[in-house]
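J.: Residues per chain are reported as follows:
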Amino acid sequence: GQQVMQIPQYQHVQEGEDFTTYCNSSTTLSNIQWYKQRPGGHPVFLIQLVKSGEVKKQKRLTFQFGEAKKNSSLHITATQTTDVGTYFCAGFGAESNYQLIWGAGTKLIIKP
Amino acid sequence: ETGVTQTPRHLVMGMTNKKSLKCEQHLGHNAMYWYKQSAKKPLELMFVYSLEERVENNSVPSRFSPECPNSSHLFLHLHTLQPEDSALYLCASSQDRTGLFTEAFFGQGTRLTVV
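From first to last, the protein sequence lines are chains A and B. Position one of the first sequence corresponds to residue 1 (the numbering used here), numbered consecutively onward. Position one of the second sequence corresponds to residue 1 (the numbering used here), numbered consecutively onward.
Heads up, some of the hints might be wrong.
To spell it out: a stretch of chain A is covered by chain B in this simulated footprint if at least three of its residues, at any positions, have a beta carbon under 8 Å from a beta carbon of chain B; those stretches are [stated by the list, open to error]: (1) 32-44; (2) 99-110.
Listed below are the simulated DSS-like cross-link pairs for lysine-lysine, each with C-alpha atoms no more than 27 Å apart in a straight line [claimed, not checked]: (3) 36(A) / 51(A); (4) 18(B) / 36(A); (5) 19(B) / 41(B); (6) 56(A) / 36(A); (7) 22(B) / 36(A); (8) 107(A) / 19(B); (9) 57(A) / 107(A); (10) 41(B) / 111(A); (11) 57(A) / 18(B); (12) 40(B) / 19(B); (13) 41(B) / 107(A); (14) 107(A) / 36(A); (15) 107(A) / 40(B); (16) 59(A) / 111(A); (17) 59(A) / 36(A); (18) 36(A) / 57(A); (19) 70(A) / 111(A); (20) 18(B) / 41(B); (21) 56(A) / 70(A); (22) 51(A) / 111(A); (23) 40(B) / 111(A); (24) 22(B) / 57(A); (25) 36(B) / 22(B); (26) 111(A) / 57(A); (27) 57(A) / 70(A); (28) 70(A) / 22(B); (29) 36(B) / 70(A); (30) 70(A) / 41(B); (31) 36(A) / 111(A).
Hints are computed from structural coordinates only; laboratory data are not their basis. We put the beta carbon where it would ideally sit given N, CA and C, even for glycine.
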């Protein structure tokens, strides 16, 4: 079945360093969504990418959707303590019978 | 406040108990979902309802039984659970099940412990 692989599983950074997480789908996606889950919280929608090669920015966050619509990335510039949490990608499309297929998440940890 | 409310927030139950989880959405959405979140695993989609009709059941054991009496309410009835069913159970809703408006709004979850 369709799978979405997300790496890395964890990333430890010093505050102020950059952070990137990557998602790769086994099949072409209609769109990809990104969510953030704070410790002890629930996933919260961040953004949806639909177009091939699309790039969207939200302040220090940059989201990219690959040309083939099979991969995506989230990059955070100059991390802050408020960025701590787990970032999930979720792919959506006909191949998955219109169910969101979730990556396993990347946990962002700020080193003390 | 996401517009999706789940109760209870925490639940401890024995393996012979019967309990129910409740979810209510105030967003006027057409689709509702139950997810299971276990440590170090991707979110597992359990059930999907669209306009009160169940459209997906992802091979979930029969000890989990969903109910959707109307488009705003979703229940998950639990009976004879196993310790490995302990997890965070998340309810979500979206405007539509397909198309562009599939952004999921999650409730705060029910932390379930089976003893």
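J.: Look at each hint and say if it fits the structure.
T.: Hint by hint, here is what the structure shows:
1. 32-44: It holds: at least three residues are needed, and the stretch 32-44 of chain A offers 6 whose Cβ sits within less than 8 Å of chain B.
2. 99-110: holds (count 6)
3. 36(A) / 51(A): Given pair residue 36(A), residue 51(A) holds - Cα atoms ~21 Å apart, limit 27 Å.
4. 18(B) / 36(A): Distance of about 33 Å is beyond 27 Å: violated.
5. 19(B) / 41(B): Since the Cα atoms of residue 19(B) and residue 41(B) sit roughly 24 Å apart, the hinted pair holds (cutoff 27 Å).
6. 56(A) / 36(A): holds, 16 Å
7. 22(B) / 36(A): holds, 24 Å
8. 107(A) / 19(B): With Cα atoms ~32 Å apart, residue 107(A) and residue 19(B) exceed 27 Å; violated.
9. 57(A) / 107(A): holds, 20 Å
10. 41(B) / 111(A): holds, 24 Å
11. 57(A) / 18(B): violated, 47 Å
12. 40(B) / 19(B): holds, 26 Å
13. 41(B) / 107(A): holds, 12 Å
14. 107(A) / 36(A): Holds - the C-alpha atoms of residue 36(A) and residue 107(A) are around 10 Å apart, at most 27 Å.
15. 107(A) / 40(B): At roughly 10 Å apart (the allowed maximum being 27 Å), residue 40(B) and residue 107(A) satisfy the hint.
16. 59(A) / 111(A): holds, 22 Å
17. 59(A) / 36(A): holds, 15 Å
18. 36(A) / 57(A): Distance of about 15 Å is within 27 Å: holds.
19. 70(A) / 111(A): Given that 27 Å is the threshold and the Cα spacing comes to 32 Å, the pair is violated.
20. 18(B) / 41(B): Given that 27 Å is the threshold and the Cα spacing comes to 26 Å, the pair holds.
21. 56(A) / 70(A): Holds - the C-alpha atoms of residue 70(A) and residue 56(A) are around 17 Å apart, at most 27 Å.
22. 51(A) / 111(A): violated, 35 Å
23. 40(B) / 111(A): Holds - the C-alpha atoms of residue 111(A) and residue 40(B) are around 21 Å apart, at most 27 Å.
24. 22(B) / 57(A): violated, 36 Å
25. 36(B) / 22(B): Within the cut-off at roughly 14 Å; holds.
26. 111(A) / 57(A): holds, 25 Å
27. 57(A) / 70(A): holds, 19 Å
28. 70(A) / 22(B): violated, 36 Å
29. 36(B) / 70(A): Satisfied, since the Cα-Cα distance of roughly 25 Å is no more than 27 Å.
30. 70(A) / 41(B): holds, 21 Å
31. 36(A) / 111(A): holds, 19 Å
Figure legend: structure checked against the earlier numbered hints; hints not met, in rising order: 4, 8, 11, 19, 22, 24, 28.
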